[in-house]
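S.K.: Each chain is listed here by its residues.
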Amino acid sequence: MAEPNILLTRIDNRLIHGQVATQWNSTIGANLILVANDEVSENTMRQNLMKMAAPAGVATRFFSLQKTIDIIGKASPKQKIFIVAETPQDVLTLVKGGVPIKKVNIGNMHMSDGKRQVATTVAVDDADVAAFRELQEMGVELEIRRVPSTPVEDTDKLFA
Amino acid sequence: MIGFILTGHGQFANGLKSAIDMVAGDQPAFEIVPFEGSAAASYGDDLRAAITAMRAECEGVIVFVDLLGGTPFNQSMMIAGDIDNVEIVTGTNLPMLIELLLTRSGASGLADLAEQAVGVGQAGVTHKSLASLADDAEDDFDEDGI
Chain A
19 MAEPNILLTR IDNRLIHGQV ATQWNSTIGA NLILVANDEV SENTMRQNLM KMAAPAGVAT
79 RFFSLQKTID IIGKASPKQK IFIVAETPQD VLTLVKGGVP IKKVNIGNMH MSDGKRQVAT
139 TVAVDDADVA AFRELQEMGV ELEIRRVPST PVEDTDKLFA
Chain B
961 MIGFILTGHG QFANGLKSAI DMVAGDQPAF EIVPFEGSAA ASYGDDLRAA ITAMRAECEG
1021 VIVFVDLLGG TPFNQSMMIA GDIDNVEIVT GTNLPMLIEL LLTRSGASGL ADLAEQAVGV
1081 GQAGVTHKSL ASLADDAEDD FDEDGI
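Note that the protein sequences, when read in sequence, are chains A and B. The first sequence lines up with residues 19 to 178 when you count with the numbering used here. The second sequence lines up with residues 961 to 1106 when you count with the numbering used here.
Quick caveat, the hints were computed from the structure, so don't treat them as lab data. Where is the CB? At the ideal position from N, CA and C, for every residue including glycine. One or more hints might be untrue.
A short list of chain B residues far from chain A (calculated; beta carbon distances all over 12 Å) [unchecked claim]:
#: 1; residue: Ala979
#: 2; residue: Ala1009
#: 3; residue: Phe1033
#: 4; residue: Pro1055
#: 5; residue: Leu1062
#: 6; residue: Ala1071
Partial list, derived from the structure: chain A residues whose beta carbon lies under 8 Å from chain B [to be verified]:
#: 7; residue: Thr40
#: 8; residue: Met70
#: 9; residue: Gly75
#: 10; residue: Arg79
#: 11; residue: Leu83
#: 12; residue: Lys92
#: 13; residue: Lys96
Looking at chain B on its own, in the form it has when it is part of the complex:
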C-alpha cells in the first residue's frame, strides 16, 4: 500500500478530506496535516512526524500539497530529502484524490502513481457550457442490446 498525506494552507486539507469522506467514505492510510497560522511554529515537525509514521506503515508515501511554492510544499520537499520513497504532488484537487484512492492498490510504482495523479488532476479541470454539453450528448448504441 502507498500511503497518502494531504496538506495545505488553512482548512484546505480538512475541507478536501470532508469531501472525500462524502464521496468515497473513510480511507485507510490517508492522513491530513493542516497548516494553520495558529500552529505555524510546529507545522514542519507535525508534517515530518506524519510522513515518517506513514512511511513506517507503507512502502511509499505521496504527499499531496495545495500550492507549488507554498510552505506545505517547501516543508514537504525538505522532508522528502531525508526519507526515501516520498513523492510530492502539487495543485491537489478532488478528482485527483478520488481517482488515486481507488487505483493506488494496483499501482505499479510510487513515481507512476504520482504521475497518474498529475494527469487525473489536470483532466479534472475543464470549462463546460450548455452548448458544448448538447454537442457531446451523442451516445453509442450497440446494434444489439438496449
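This is chain A alone, in the form it adopts within the complex:
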C-alpha cells in the first residue's frame, strides 16, 4: 500500500484556527486537514467551529489518536494531508503507532503553570522536552515556526 501523503504535521494548542486555516494550509497546499485529538474527536461543537474555519475546498477530519493510527494507511494518494495535533506527546503516540510523520512544525504551545517559555509562542515542560527528544531520535524533523512568513526559530531552544 502506498504511504499516505502527509505534507506536514503541526503542534498547535488551538488546532485549526486563523493561522492554520489561512496561512499554513495554503502554503503547503493541503486538501485535507486531519485533527488528531481524542477530546475533539468526541466534541461536535468544536468540530463544527473548526470546519467553519477551514478554507473552501479543504476537507476536515476529526479522529482520535488511535483512529488516526488505524486508518491513516487507507488514505488515498489524492489526499494531501495536513495533520494538526495539540501536544508533542500526541505526535509521539502517532509516530509510535506507525503514522509516517517526517516533519513536525511546532506552532503554538501556550504558557501555563510549570512550563517555561523557550520560543516566541512555545512553552514547554520536561515531559514535552522528553517527547521532542524521542521524536528527534526517531528521525522526525522538528521546526519551530509560528506562521510561514515568520523565521524559523532554533530548535535547540527546546532542549536548553
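With chain A held as given, fit chain B onto it using these hints.
M.R.: Positioned in the frame of chain A, the structure of chain B alone reads:
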C-alpha cells in the same frame, strides 16, 4: 508587487496591523497611516508621503480605508487623483487583508485585486448560529481515502 497602505480613524490601522502580524506575520510593502486627532493637521501630508513612497517602490498601490466618506477616504481619493495606479478600497476588514496579502503576488492587475478585496471582505461578514452550524456539518467523504 502591489503595495498596500492601511489607514483609518484612531488606532484602526494599528489594531488591524497587529491582528495581521499575529495571523500572517510581518508583511513586505505594507504600511499603516493612522489618522489621529492629535496629528490631524499633518495627516493629509503624511498619507500622501506614504502613498508616494509606496508607489515609487511598487507598480501599483491599494489604499485600504476604514470608512466610505470619512477623512481617510476623502484624503486618499484626492491623492489618488494626483498619482497613477492608486486604488481605494473602503470598509476594510481582517479577512479582506489576510486574503489579499496572500494573493497579491499572483494578481493579474491592480483594479482586479481591488475588486477581489471587495468580494472577500463582503464574504467575511456573516451571521452564524449554532443551529446553522449543525446543518452545515456534512462533509464529503471520498469513496476511497480517509
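S.K.: Confirm or reject each hint.
M.R.: Status of each hint after checking the structure:
{"no.": "1", "hint": "Ala979", "result": "violated (9 Å)"}
{"no.": "2", "hint": "Ala1009", "result": "holds (26 Å)"}
{"no.": "3", "hint": "Phe1033", "result": "holds (26 Å)"}
{"no.": "4", "hint": "Pro1055", "result": "violated (8 Å)"}
{"no.": "5", "hint": "Leu1062", "result": "violated (6 Å)"}
{"no.": "6", "hint": "Ala1071", "result": "holds (24 Å)"}
{"no.": "7", "hint": "Thr40", "result": "holds (5 Å)"}
{"no.": "8", "hint": "Met70", "result": "holds (7 Å)"}
{"no.": "9", "hint": "Gly75", "result": "violated (10 Å)"}
{"no.": "10", "hint": "Arg79", "result": "holds (7 Å)"}
{"no.": "11", "hint": "Leu83", "result": "violated (14 Å)"}
{"no.": "12", "hint": "Lys92", "result": "holds (5 Å)"}
{"no.": "13", "hint": "Lys96", "result": "holds (7 Å)"}
Checked against the numbered hints above, the structure violates hints 1, 4, 5, 9 and 11; every other hint is satisfied.
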